[in-house]
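Protein chains: 2
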Amino acid sequence: MNALENLIKQLSRLPGVGSKSATRMAYHLLKCDSSYNEKLSEAIGTIKEKIHKCSICGSYTEADPCPLCSDPKRDQALLCVVEQPQDVMTIVNSGIYNGLFHVLGGAIDPLNGIGPDDLSFKELKDRISNGNFKEVIIATNPTEEGDTTALYIRHILSGSNVTVSRLAAGLPIGGDLEYADRLTLARSIKGRISF
Amino acid sequence: MNALENLIKQLSRLPGVGSKSATRMAYHLLKCDSSYNEKLSEAIGTIKEKIHKCSICGSYTEADPCPLCSDPKRDQALLCVVEQPQDVMTIVNSGIYNGLFHVLGGAIDPLNGIGPDDLSFKELKDRISNGNFKEVIIATNPTEEGDTTALYIRHILSGSNVTVSRLAAGLPIGGDLEYADRLTLARSIKGRISF
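For the protein sequence lines, the chains are W and F, in the order given.
Going by the numbering used here, the first sequence opens with residue 15, and the numbers climb by one from there.
Going by the numbering used here, the second sequence opens with residue 15, and the numbers climb by one from there.
Hints were generated in silico from the structure; no laboratory data involved.
Treat each hint with caution, since some may be false.
Pairs count within a copy or across copies, as identical chains cannot be separated in the list.
[Stated by the list, open to error] No farther apart than 30 Å at their CA atoms in a straight line, the calculated lysine-lysine pairs in the DSS-like style are these:
| id | residue 1 | residue 2 |
| --- | --- | --- |
| 1 | Lys67 | Lys34 |
| 2 | Lys45 | Lys136 |
| 3 | Lys23 | Lys67 |
| 4 | Lys148 | Lys87 |
Just chain W, with the same shape it has in the complex:
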């Protein structure tokens, strides 16, 4: 395998990249300014040294604790529980939430061998016991695994004094009723709100 074939092979292991996209990227890298290749190579090669998991919330950060956990301006009584570190970024970027986060590291998924012990439920329980949280917002995905995980969180927090809520599921804003899938429509009818 020559260097070009190797580059295409490595690029095609990225998520969402097939061999055609990988080939296109490889030829782009051959054609473009070499300073970009250096920057990209450096960014990929050093990312694991520079970015670690926050010891409090479990999201990715350069500093420990992360800027969100150490920001006194964020609402210290509100905790949002998400599956993955990237969910933290998504929720922060929405601009609507000003509390703290807890990253589970995934969802309960027995078919893929992921049980409660593989996720940070113990840390979540400890944070609730030792902190001054008033509300826990469960922001797991609206999938079977996310639903199971949400039920499990409600179960382990049942003895504590916090309110437990979960993100609303229903029609996406700007969507079209005609194209809504059956499950989403069912969820939006079941969860209808007074108007």
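Got chain W sorted already, so can you dock chain F onto it with the hints?
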């Protein structure tokens, strides 16, 4: 900008990669085995040192001349002219062509400031004059720029003794007449073959 934001920014400069895909790739790189990061980083960082343009045909290669130009089993009387180095790979992979190649480095595109002097027409003419080619197959894209380039090649080769042909344009195999665009359909009618 922290290391993660920088990685996302660099990844989103790849062709076909928007900020959402770049974010997904970045989190994948944080989660996956670090040996992969090293391999990918190395492959990107060293590609320009390892791969150069073949001094004969202009396609990318590790050895100079490239394996295609130096393969005596390929038909030395047949020359296929393409716009980009990646077109060589596409045609080789089709398995239907066994001749040599000539890479122009693009197509004539006055609107983007690319004239005949920016492409390797002189080298093409020299190869035809000095070689024993019987046929030149023009495989530029079926676009306005590719058409202009094809006409230009026919013009500069008009004094030489080679047959000049061009790839057939028409309906893609497996396609549906209903979904064919007007230009493709017009081309397939105009270029209809006796049957």
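Quick rundown of the hints versus the structure:
1. Lys67 - Lys34: between (34 Å within a copy, 21 Å between copies)
2. Lys45 - Lys136: between (51 Å within a copy, 21 Å between copies)
3. Lys23 - Lys67: both (29 Å within a copy, 21 Å between copies)
4. Lys148 - Lys87: within (16 Å within a copy, 77 Å between copies)
Going through the hint list in order, the structure satisfies each hint without exception.
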